[in-house]
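Student: Both chains are sitting in their own frames, so use the hints and assemble them into the complex.
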Amino acid sequence: MKDMHQIRLRVNGREHELTVEARRTLADMLRHDLGYTGTHLGCEHGICGACTVLVDGSPVRSCLLFGVQADGTEVSTVEGLAAGDELSDLQQAFSDHHALQCGFCTPGFLMLAEAYLAERDSADGLTEAEARELVASNLCRCTGYQGIVEAVLATAGSRRRAAGP
Amino acid sequence: MTVIGTRMPRKEDPRLLRGRGRFGDDFSAAGQVWARVVRSPIAHGRIRRVDLTQARRADGVIAAVAAGGVPAGLAIPVRLAVRDIDLSGYLQPVLATGVVRYVGEPVAVVVAGDPYAAEDAAELVEIDIDEEPAVLDAAAGAGPGSPRLFPAGNVAADFTLGYGDTETAFRQAAHVVEAEVEIGRHTGVPLEPRVLLAEPDPRTGGLSIFGMTKVPVFNRDLLAAMLGMDQALIHVHAIDAGGGFGVRGEFYPEDFLVPWLARTLGRPVKWAEDRAEHLVAANHSRQQSHRVAAAFDSHGRITALTDDVLHDNGAYCRTHGVAVPELTVAMLPGPYRVPAYRGRVRVVLTSKTPCGTYRAPGRYEGTTAREQLLDVAAGRLGIDRIELRRRNLLGPGELPHRRSITTLGTDVVLDAGDYPALLQAAGAEMTRLGYHAQASGGGAAGRRRGLGVAVYLEKSGLGPHETADVTVSETGAVRVLSGGTSLGQGIETVLAQIAADALGVDPQAVDVVNGDTDLQPCGTGSWASRSTVVAGNAVHGAASAVRARALQLAARMLEAAEDDLVIADGTISVRGDPAVSVGLGEIAKAAAPGGPHLRPGEPAGLAVRRRFDVAHMTYPYGVHAAVVEVDPGTGRVRVLRYLVASEVGRAINPALVEGQLRGGAAQGIGGALLEEFSYDEAGQPQAITFMEYQLPTAAEIPPIDVLLAQAAPAPGNPLGVMGAGEGGISGAGAAVASAVRDALGLAGTVARLPLTPPRVRRLAEAGAGRKPGLP
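Protein chains in written order, with numbering that gives the first Met the number 0: chain A, 0 to 164; chain B, 0 to 774.
Everything labelled a hint here was simulated from the structure, so no lab data went into it.
By construction, the Cβ of each residue, glycine as well, lies at the ideal position given by its N, Cα and C atoms.
One thing to keep in mind: the hints can contain errors.
Stated by the list, open to error - The calculated lysine to any residue pairs, modelled on SDA-like cross-linking and capped at a C-alpha distance of 25 Å, are: (1) B:K10 - B:P520; (2) B:K10 - A:L152; (3) B:K10 - A:K1; (4) A:K1 - B:T474; (5) B:K10 - B:G503; (6) B:K10 - B:T474.
Stated by the list, open to error - Estimated spans, in silico, between C-beta atoms of each pair: (7) A:E85 - B:P702: 26 to 36 Å; (8) A:H44 - B:A29: 25 to 35 Å; (9) B:A567 - A:A82: 41 to 51 Å.
Just chain B, same shape as in the assembly (with noise of 0.2 Å):
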């Protein structure tokens, strides 16, 4: 029996619930001391001087360097290029240099014997700015009167996509429906901070780094190339991480600064940051206004879109370069039929953090635009918000849908589903829980009640490949060693139970190791909603190519014809006759150097690395649906029900999907009603505690139903799987604005999200009077 598709425990559970994680401040070393960042309190202005006198006279001071005592010409390069687009002008250096761009910018940093002295050193750094004015709108940072924060402007790209002729569509159109929508800025935060630990090993020259997740084979390139010694001298090491959602991991200045001075100093450095430096030095994301719009025939089929957006970048390009903008207009035609589609994305610098991704990036923002415009279509055409869905989503037939569009340098191919079944199969689960009852039900007075509906289309699995490595040891015990990193998304028991199915043995006897670059050289790591599909599976075909050897071993052992054996709890035996049978470990031992069964020529031991090469990405889809009550006076929005249909093609753990989509539906709740990244007119961030910047708690957010569906197998993948991770934030921002939208009866968008109590209280007067409150 397979245990792919269980709801087996998960095997991080034990050790993470005895407080055993071994998380990035968990780790330390002999001799360590400790790194402080200093920061700009400016949002724009050039260096006059950065003093480091009076901190390297400080109690336990080891070193303080500013950009001058750096190598010079130092940027951190980007990950993800597309389109050619060259961006080498706005690249974040890895300590400022002549000008600061935004507050929280790395300065200086401070190196003494312990945290706390670090911290006072820090305290004791002068730095002397002359403050220019800063950039902090979009729209006016791309204007020409603005300030310029770069010699070339503060456009970093400016691009369109397309395909078809949208202008003759618009022109015939029989209706030409238009919306604006603002995405606030918010992004992932993860609980746990993030830590580096570097430490120079003295016999080779090299590094161990600890803290580096997501993409450690990349880092640790990267750092080698910026260190100018060879990778193989760098070794990240594989630990816990309090989790990911597309921030934690990528290449920031921290990751350059921490083990150069490990390097410089001779000696063990480690950095922990604390919660105000997160929120202010981590990327940021989201930060997008749309101008859309739709032309449909008189039967309320739409003929073409269009979607104009600026996106705010913040105050360099990091290492996602321009792909955020680029998969929002790449991914905006969503799951409909859309036979003209034209996309452009100005991507603005501004004077406040950096962005990069935040799970689902892209989706979340374009969703959102779009779904509010299908929202105010379905009014103006006077068709039912479902039915119009309906009309336009492609149907089954028309699927594999090539549009003529690229993403992240692939074709964009939606593969396979049944996007109006799902549709369907979401109503009738939400008449079945009673969300349309309890939306048109009575609440407190002068409350008002709405339901709102969005589709999503994700995207997962983006290659080129991953690599993993199956071995069994002489004990029978199998070891996974992945190119995935394991963020909390569950990966070590997701690849366990595709080893183990692909081998005949217990999952509990399957070790899997994350992200170490020494036994995984050729990892390509965990984002993009890609583990499960390329990680697994390449671990699914290390597997299988295990278990082949391991019947052609036993045959030989058995002296039996392979075709008579079979496989089960890692004993392979002769069909019919159980007591001729050998243990995997046997084999292992049997094909030792110089064990018996090993012909001349053939590799030692039962261990295969095999790569999974993937062209082109697959794409789940679902449905999200809200119940959500407002409080016109007050303008607070509670969130009474929400549902998450998801087609995922095959759950290898439907418990864990199941935690991934109500996760993620969680955090898409916060970014839609509480979560954001405000500025004053100087440029100076308001939220940097959890004060400010408010994440959602058990108060906010509802028991959330989900609607599991695993009818449309991935077809470009053995497993058949599509990624789970972002599909239960992807709908999230769209489906909270649809259902506030339709309490307040609004006939335009909601404008902007986060759906603040001011902004609600702003809506509410403007709906005033269009649906009656409920008694």
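Just chain A, same shape as in the assembly (with noise of 0.2 Å):
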């Protein structure tokens, strides 16, 4: 007999509502039942990070959550990066510095990426130490990394400009 769970959640804005069985992990729960493919599974340990997910804005292994775990909360996926046709300043950087090949990790290191940096003050630098120590949260297995790094480091000074002196 399954352990049905009935739960509601928003996915990068929009309401959904569904039954889920109390083992499925978000992450099989976002691709599988609703449809948000941009989250992959490298691992299902916790360790590589490609099913990073922002969960109320902090981010999650979504291979180490339950999706009822997520019941009542504001969830964002890759999918909710871009602004329509427009890349997000993040994406943009990331194909500007060759910081992805078989895109396998990326969305995993967007999600990450994203949630560090609208935590941080923009105002404040964001070192080269700093955004390698980020970047060391989940691996890929195509760049080597620094294009990643770069990465993330060009977003910060742009938003850094952008927020003014």
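Tutor: Rendered as structure tokens:
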């Protein structure tokens, strides 16, 4: 007998109501029940970070949360980053700095960096060491990380300039 | 202006950045069911019984089968057969039959309505195995007293390549230097695990397959043969792949089981591997021990080289057969002048996951062994490490250099380049970037720094052929149907640039489809750093032919001589009179069936298929350098600086080439310091999560400097390109080993990769006192 729960959550601003088995992970629920396939599963044990999404603004490994735990929350996934046809500044920086190859880990890095940059005061400068420490939270097998570090630094820099002196 | 050589943004990026890539698990079919593979928990033993009763009774279970339930006698054949070696007694069955030979070997498969139920039911399959002793060491496994994994023994192959009289050279040598180097078992570990979806077509009885990458046409044909059906009834679709690195896309047991289940059950079947499975089921690679020796004359010139390699291939010969050990000994002499050479390799089967290729197969291993030997020799002969290499590198006047060796069925002909010049340029770059100063500078108390250098020779552009179609539609859009596959390397962008250059159109107007077997049934896939070379030149040929045909048709339409026409931005106009022009789309329309400018007997439309045939590979080369800091107390090695200097002939998109080199170097550093599949004495794998199998993070990988050389266009292809996929990793084991050896002041080799903290501590104790620790 399955242990089913009815939950409500918002994903990228859109309301969803669904019935989900207690043991179903947030990642599987987002991907297979709600169709947000941009969130990827690379290890299913919380190391690689490809499944990183934001729950109420905080980055989480969606493979380590159950879907029912997201009841009543606001979830942000990679599909919500771009505004229409326009890539976000962070997404554009990833392309400009060749920060992705296969692109499988990319949504996780984008969500991680987005949360980190949103939390920081954008007037504060971001150092290379800080960016690298942030990027070391997740795994990428293609790029050697250099482009990802550069893209995060560039985005922090442009947001700082936009924030004024 | 040509778009070749520009850093054009990747065409793949927008969809991937939006989360709109379509990877394996993103495909689903109406009514699909999920397969879960049940794997052997024992390294070696006889199967007494596989009991599926409980699993079949579980909630939602649709089917459960073991070896007795699938067609008998099916084993996965060798794709890359070399040297006519008969490996038929060592092939892997699709489900273990009678005997299990490694932990993770597929024993049964369970199908249920959803993946959670399939996993629950898989745990109810009871496997009763009489355990037998495991073979875990290749040297012992090759010996007479070892337990046997196969009736014919554990040595699948034992062969020697070479030329010249090594015995006389060693006898007459002024110096003989020997070294032993072992490379640890590790592999590609793409971040996306394997996924397959097979969907039957009720109309034709055929199958649609999602998830076969790398060599889709080969896998389609093999699957068709195994299922006893016509190959044209199987459609392998082009999808995004989360990294390949040699591992993804070979034909594994699951590549038979999932389509067979779909046909048998008459409904779509999906299988998504988890990480623990991937680490024991997908190909491992690299594990070798080398005993390498060189004879030198009194000037420090190599007169002969020998190697004796033990290759631990795991439990079966898979699709690569013995291609990796063959490449190891065939490529071992590298870019050096070696008058006599003998390389022997024994391929030993052990109770571990079977092996295949991982990026730069055989070269990562062989380069590490050879370059360690040269470092040891430099110390023994009292010659500077770089100078010893410079004296022995083949000079530009000696190329092309034909080595009396074949590999992968091709002659080894080092085609073009200036090896000493690139070594010198790399040295100058290291000086400019302060490598020497940093290597001899002060670290924290007790830490020791070292500089490592390695020279590598790669191979790329393996033929014998590749096919591409280029079509212009009536809107002027250009479509390329390539036989390569997209594994994340950016081949869509590169082929669009090549087509755009030949056709005179904007590369953004070019759509590239890779690896769809219906659209390009002649493709041979993406592997062996071949795609830019062979797929690129096929696209170049097809697009050039489309251009010629467009000019011919435009001449008719504009009533002008072809020689007076110019093509730019998708428009053909009369030279000096841009108002008299016609667009490529209009030309396609005029050449459509019934079109006004199509003459009787001419093929309709603006489309050409071209095949690029090539007999020989092209050989890129380069230099790796590393500055490391070693803590002798903890054994930790930090890579402070890293340089890859690489000759690629011609970079279609330099940003993408640099990305390949940086990414490869990061993987190579991982294999040199962190990544290893280890086993306990019973053959139980000890690395089954990312806690034990340590991929490098941004904290372990420094910024990687790249010196991209385009001084030696490949003479064997019109574009002049050499493959760039593997040069970034090829020399990384060697450079890190060289740097650690330098830091610790070792007289001998580092003995073994990866240089994990316990091994480094032991080396530090052995080398203590040779080089004073820096203040």
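Student: Now, for every hint given, state plainly whether the structure supports it.
Tutor: So, going through the hints one by one against the coordinates:
no., hint, in the structure
1, B:K10 - B:P520, "holds (24 Å)"
2, B:K10 - A:L152, "holds (23 Å)"
3, B:K10 - A:K1, "violated (44 Å)"
4, A:K1 - B:T474, "violated (54 Å)"
5, B:K10 - B:G503, "holds (18 Å)"
6, B:K10 - B:T474, "holds (20 Å)"
7, A:E85 - B:P702: 26 to 36 Å, "holds (30 Å)"
8, A:H44 - B:A29: 25 to 35 Å, "holds (31 Å)"
9, B:A567 - A:A82: 41 to 51 Å, "violated (35 Å)"
The structure fails to meet hints 3, 4, 9 from the earlier list, while all remaining hints are met.
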